[in-house]
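Peer 1: Got chain V sorted already, so can you dock chain B onto it with the hints?
These protein sequence lines map, in sequence, to chains V and B.
Under this note's numbering, the residue at position 109 of the first sequence is numbered 109, and the numbers go up by one with no gaps.
Under this note's numbering, the residue at position 58 of the second sequence is numbered 1058, and the numbers go up by one with no gaps.
Simulated from the structure, these hints should not be mistaken for laboratory data.
No experiment lies behind these values; they were computed from the predicted model shown.
It cannot be assumed that every hint is accurate.
[Said to hold, decoys possible] To be clear about the criterion: a stretch of chain V counts as covered by chain B if any three or more of its residues have a C-beta under 8 Å from a C-beta of chain B, and this derived list gives those stretches: (1) 6 to 16; (2) 28 to 37; (3) 42 to 53.
[Said to hold, decoys possible] So these bits of chain V aren't anywhere near chain B, every CB distance computed over 12 Å: (4) Arg61; (5) Gln62; (6) Leu65; (7) Leu68; (8) Arg70; (9) Thr79; (10) Thr95; (11) Leu97; (12) Gly108; (13) Leu111; (14) Thr113; (15) Ser116; (16) Val117.
All C-beta atoms in this analysis are idealised placements derived from N, C-alpha and C, irrespective of residue type, glycine included.
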Amino acid sequence: MILNIDLASEVPIYQQLRDRIVEAIAEGVLTEGSSLPATRALAADFGINFHTVNKAYDLLRQQGLIRLNRKTGAVVTATVADSPFRADWTARARTVLAEAVAKGLPAGEVLKTCQSVLDSFATTQPEDTPCLLPSS
Amino acid sequence: MPVAIVVSSGLSALLLAIALVLPSINSPTVPFGVRIPAQRADDPTVLRQTRIYRWRVLVSGIVAAVIGVVIYSVTGEALLLPLSVLVLVGLWYGCFFLANHEIRAAKAAGGWYEGLHQGIAVDTELRTDPPRFPWLWLAPALIVTVATVVIGVISYPSMPEILAVHYGAKGVPNRLAAKSVGTAFSLAFVQIGVTALLVGIAAAIFRSSRPDIDPARPVGSARWHRQYMSLGAKALLGLVAMIDVGMLGSSLLMWTGTVTSWAPLVVVLPILAAVVVAVVVLARNNRARDEGEEDTGLIHRDDDKYWRGGLFYINREDRALLVPRRFGLGWTLNFGNPRTAMLLAGVVALIGLLITVRFGG
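The shape of chain V in the complex, shown without the other chains:
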């Protein structure tokens, strides 16, 4: 898996790392049981402080996407979306979609983008495509 971080971005590096790993899980590049490099090894390869990598891994652990273990390191786990997650995710999706609407993107285009992004994720099953769009 290639992890790319943008040093000019306003998004903090730990957040970028976390986002890239979540995307890799969605794309199927990382599957249940895939291991991630050790914190120090990954930090050394990036040339960044290992606390930054720790922070990204800790976020992923809190969200139940990886399991941290002293012996096996960081391993991707299977997870189910619970109701607090659904509520939280819907709120964030609402903000992102609101940005599109506020900028005047037509609803058709927004839906199409949503669908093509979901299609690009190899792990998405046809029956569980919950693109929760406010009907407009």
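Peer 2: Chain B in isolation, oriented as in the chain V frame:
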């Protein structure tokens, strides 16, 4: 003594060829050790400096050759000829540094990095699924070393009582020593030491090097890095096998008491041939091939500040022991890493030990 002439001219020719070819085989985004954005790779300054550099290198080659001929005709001492190789290396660095300086100045003056998104790319599979070390390529070196020891043990009783341990001009022995395990097997000890050293370096490439992945085309870059690592290790293991062959040949001459004028060639030719092959193989694969990968929009971050004089990598924050050379073939040490100092001390100690074993008796 023609051997010094053969070695010096061979090395000079090889250096000159590498110096002339390097601008074409190093990454186009690091011309003369200056990191530049890909869109500046064909900048007039870069193209002009490349042209000027090649002319300067050619002139340096002629100067070094003239110095070599003058030294030889004045002193008649062929052993001074390697000096001309050192002169060539010095002049070459000068040519490199002038080009490096000009491009750095143009980059700073033109603000080449303004408004660009600098990034870092990492291939996590290099850690979770590391490439396998080519252990099979160690077999030739081991077989030759073991063969040397076995032949030595078998023929030890029939060896002459006095062995030649050093040769002077025209291959005439100028230092003799009484037969003992230390003198008869001195070259076998060299084989073991050199093999261990080069295998250690090859292993360090796999274990302690940091890849330099291009964030613009990370997938192709990561794949190339894996192949280059494996190629580098194989080149080193091939080279050490040929060094061992040279030592075996030289040992056979010593054990049979053979005195010929071509004795030094037994050592020099296999090693020189292996060096040429290793250089050609690495040079042909020195940069990632363009496989039409889509540009990610990120460019490699400007890391010039860690490269002193354009060549020496000093970064205390970097835990890597080896990083890919920016100008040249293969890898270079991170001189900011404390382990590098320990390693260099170890190598110096090993060389000292070898010299003691070889000449102390």
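Peer 1: Look at each hint and say if it fits the structure.
Peer 2: Hint check:
1. Counting residues of the region 6 to 16 of chain V whose beta carbon lies closer than 8 Å to any beta carbon of chain B gives 4, which meets the minimum of three for the stated coverage.
2. Only residues whose C-beta sits within less than 8 Å of a C-beta in chain B count toward coverage, and the region 28 to 37 of chain V has 4 of them, enough to reach three; the restraint holds.
3. For the region 42 to 53 of chain V, the assignment as covered by chain B holds, since 6 residues bring a beta-carbon within under 8 Å of that chain's beta-carbons and 3 suffice.
4. The claim that Arg61(V) is not at the interface with chain B holds, since no C-beta of that chain comes within 12 Å of its own (minimum 17 Å).
5. Look at Gln62(V): its CB is around 21 Å from the nearest CB on chain B, clear of 12 Å, so calling it non-interface holds up.
6. Separation of Leu65(V) from chain B is adequate, the least Cβ-Cβ distance of about 15 Å exceeding the 12 Å criterion.
7. Distance to chain B confirms Leu68(V) as a non-interface residue, since its nearest Cβ pair spans about 15 Å, more than 12 Å.
8. Once the 12 Å rule is applied to beta carbons, Arg70(V) is consistent with being away from chain B; the minimum gap is 17 Å.
9. Against the 12 Å criterion, Thr79(V) stays outside the reach of chain B, whose nearest CB is about 20 Å from its own CB.
10. Every Cβ of chain B is farther than 12 Å from the Cβ of Thr95(V); the closest lies at roughly 24 Å, confirming the non-interface assignment.
11. Listed as a non-interface residue, Leu97(V) keeps its Cβ farther than 12 Å from every Cβ of chain B; the least gap is roughly 24 Å.
12. Interface exclusion of Gly108(V) from chain B stands, the closest Cβ pair being 26 Å apart, more than 12 Å.
13. Distance to chain B confirms Leu111(V) as a non-interface residue, since its nearest Cβ pair spans about 25 Å, more than 12 Å.
14. Against the 12 Å criterion, Thr113(V) stays outside the reach of chain B, whose nearest CB is about 18 Å from its own CB.
15. Residue placement check: Ser116(V) keeps its beta carbon more than 12 Å from all beta carbons of chain B (closest about 16 Å).
16. The beta carbon of Val117(V) is kept farther than 12 Å from every beta carbon of chain B, the shortest such distance being approximately 17 Å.
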